[in-house]
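Starting from the known structure of chain E, fit chain S onto it as the hints suggest.
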Amino acid sequence: MNNITQAIWVEMLKARRSRMPLLTALGFSLLPLGGGFFMIVLKDPELARRVGLISAKAQITMGVADWPAYLRFLALANAMGGVILFGFIASWVFGREYSDRTVKDLLALPTSRSAIVFAKFVIVAVWSAALTVFIYLIGLGVGTAVALPPASADTFWQGTITIAISAGLTIALVTPIAFFASAGHGYLLPMGVVVLVMFLTQVIAMAGWGEYFPWSIPALYAQGGNLGTASYVIVILTSVAGIAGTLFWWELADQTH
Amino acid sequence: MDTAIETNNLVKRYGDVTAVDGLSLRVARGEIYAFLGLNGAGKTTTIRLLLGMVKPTSGEARVLGTRIRVGEKKPWDSVGYLVETPDAYPELSVRENLEAMRRLRPGIESKAVDGVIERLGLIAYADRRAGTLSHGNAQRLGLAKALLHNPELLILDEPSLGLDPAGIVEIRNLLIELAREQGVTVFMASHILGEVSRLAKRIGIIHQGQLLQELDVDELERNRWRRLVIRTRDNHAAHAVLLNAGFSADITSDGMIEIKDNAAIEQPDDIATRLVNAGHAPTMLHVEQEDLEHYFLRLIGMDGGNVK
Chain E
1 MNNITQAIWV EMLKARRSRM PLLTALGFSL LPLGGGFFMI VLKDPELARR VGLISAKAQI
61 TMGVADWPAY LRFLALANAM GGVILFGFIA SWVFGREYSD RTVKDLLALP TSRSAIVFAK
121 FVIVAVWSAA LTVFIYLIGL GVGTAVALPP ASADTFWQGT ITIAISAGLT IALVTPIAFF
181 ASAGHGYLLP MGVVVLVMFL TQVIAMAGWG EYFPWSIPAL YAQGGNLGTA SYVIVILTSV
241 AGIAGTLFWW ELADQTH
Chain S
1001 MDTAIETNNL VKRYGDVTAV DGLSLRVARG EIYAFLGLNG AGKTTTIRLL LGMVKPTSGE
1061 ARVLGTRIRV GEKKPWDSVG YLVETPDAYP ELSVRENLEA MRRLRPGIES KAVDGVIERL
1121 GLIAYADRRA GTLSHGNAQR LGLAKALLHN PELLILDEPS LGLDPAGIVE IRNLLIELAR
1181 EQGVTVFMAS HILGEVSRLA KRIGIIHQGQ LLQELDVDEL ERNRWRRLVI RTRDNHAAHA
1241 VLLNAGFSAD ITSDGMIEIK DNAAIEQPDD IATRLVNAGH APTMLHVEQE DLEHYFLRLI
1301 GMDGGNVK
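Going line by line, the protein sequences match chains E and S.
Quick note: the first sequence uses this note's numbering, first residue 1, plus one each step.
Quick note: the second sequence uses this note's numbering, first residue 1001, plus one each step.
Since the hints were derived computationally from the structure, they do not count as laboratory data.
Since no wrong hints were added, every one of them can be taken at face value.
Calculated Cβ distances over 10 angstroms to all of chain S for the following chain E residues:
{"#": "1", "residue": "D66"}
{"#": "2", "residue": "F118"}
{"#": "3", "residue": "T160"}
{"#": "4", "residue": "H185"}
{"#": "5", "residue": "G192"}
{"#": "6", "residue": "V197"}
{"#": "7", "residue": "G208"}
{"#": "8", "residue": "G224"}
{"#": "9", "residue": "T229"}
{"#": "10", "residue": "S239"}
{"#": "11", "residue": "I243"}
Heads up, incomplete: computed chain S residues facing chain E, CB under 10 angstroms, no partners named:
{"#": "12", "residue": "R1048"}
{"#": "13", "residue": "V1070"}
{"#": "14", "residue": "P1075"}
{"#": "15", "residue": "D1077"}
{"#": "16", "residue": "V1083"}
{"#": "17", "residue": "S1093"}
{"#": "18", "residue": "L1104"}
Chain E regions said to be covered by chain S (calculated; three or more residues, Cβ under 8 angstroms):
{"#": "19", "stretch": "4 to 16"}
{"#": "20", "stretch": "91 to 103"}
{"#": "21", "stretch": "107 to 117"}
Note that the coordinates shown come from a computational prediction; the quantities given were computed from them, not determined experimentally.
We put the beta carbon where it would ideally sit given N, CA and C, even for glycine.
So here's chain E without its partners, still in its complex pose:
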C-alpha cells in the first residue's frame, strides 16, 4: 500500500466539501439534548407527570438524574445510534463512489486500491470518533446546564472510558457496512443491512443472546453488562471480516460501474 497519506487527504477533502459532516453532527447532537431533557424530567416530578409517556421512558432508561446515569445514557445512545449513524457514514464514504460513478477513476492509479480503501476506513473511523467527542462535549455542557448534582472525577473518568470503548466497538463494526456499500454499488443495500442489524439487535438481545451478536455488544458494554472475552473476539472478527471483504471486493471483483 503506497501513498496512503495522500489518499487520506483526498478522502478528507471529499468529506469536508460535502454536507454530510454537518448533517451527521446535527443528527447526533439530538442524543445529548434528548438526554438532557430526560434529566430535566427526572428532576421535576410535576413535569414528569404532565409529559406522561416520555417521563416513563426516562425512568426506565436512567432512573435518577445524576452524572453517572447521564453518562451511561450517552454511552448507550452513542452505541445504539452509532450503529445507524456510523453505518450511514460508511455507506456514504464507500457507496458514493458507486452512486456518483466515480469509482472507475480510483481503480487504475499508481495509488493502490488497498490504500484507497484503507484511507476510507480511516476517514470513517475519524469521523465517527469526532462525532462521539462532539456529543460527549455537548453532553457535558447539557449536564452542567441542567444542573446535575456534582460528581467525583472518578465518575467522569469511568463514564468517559465507557463512552470511548463502546464507541470504539461500534466503529469497529462499520466495516461490513462498507463491504455492502461496495458490493451493493451504492447506499441502498448497506442502509438496508443497517436496518436489519438494528432489528436483529433488538430481537437477539431480548432472547438473551446479545453478547454473541456483534452489533448488540457495544450497547451491552455501555449498559455495564458483564461481557466475556468471546464478545470482544466476535467484534474483532466481524470487523476484520468486513475489512477483508471490502479489500477483496475492491481488489478482485469485476468493477463495472
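Using the frame of chain E, we list chain S on its own:
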C-alpha cells in the same frame, strides 16, 4: 512493432452474454487507434479489461509491456483514461477534482493542475463545482484528469461525447498534437466513423464482441463503394449504349443509370464522350462515394439500419 497495447484472444463473458469474444489487437506506440463499434459492441468492456477493472474470462491483455491483472498497479502512472461518462465529485470544484487526482498520482507537480486547466479551456470554470458543469465542460474535466500526468498512453472512451463542434475540433487537434509531438499513444473508442477517420491512423471495428476488421485510414478510401451516376433524356436508350460498350450498368429505383465499374469511375469523361457520340448527352453525371456511416453499417452487417 513496439506495442503499447496488445490483446491475445481476449474473452469476457457475463453469464450467458459474451461481451468480448476472442479479441486480438495490437496498438503501436505513438499511434492513434480508433476502436469503433455500436453501443453494446464491447468497446467499454474492452477498455475495462485493458485497465484491469474486470477479469478476462480467457486470454490476456498487455499494456505498455505489463500483463494486466485485476488490481495490477504497474503501468498506471503512464496511463491516462476516461471510461464511459466523465464523472467527477459534484461537490468539489474543477480544480479540487484535479487536485484530488494529482494527489493520487504521486510525483506530479502542483502546477500541473493549472496547466491542464488551461490546456482544456477550463480556466473560467476552475472554481466552479463539478456538479454544475455542462456536459461539454464535464467532458473536458474528464479529459483533464486523463491528461494531468502527461501519460504515455491515453485510453479514452468516446472523447468527443457532449462536446460542441468547436470543442470536437479542439480536442481532435489536441490529441493529434499529443501523438505527433510527444509520441503519446491514443486508444479511443467511438461509434462515429466520420469523427475517428479524421484523427486515427488505424481503426479496429468491433461488433458483438468480435473484431471484424482492422484497417489503416488510407484503406477506408479504397474500401468504400463508389459509383458513377448518370442521367440522360432517355435513360433506357443510354443504358443500352453502355451495356453494348461492355459496362455493367444498372437502372436504379429512381430511374438513373448507375455504373460500379472502376474503369467508368476513374474516367467518367470517357463515358460522357460515348454517350454524346451515341446521341444521349448526359444531363447529369457524377461520382458518388459511399458515406462513412453507410460503410460502417455495411461492414458490421447492417445496411441503412436494416440487418442483412
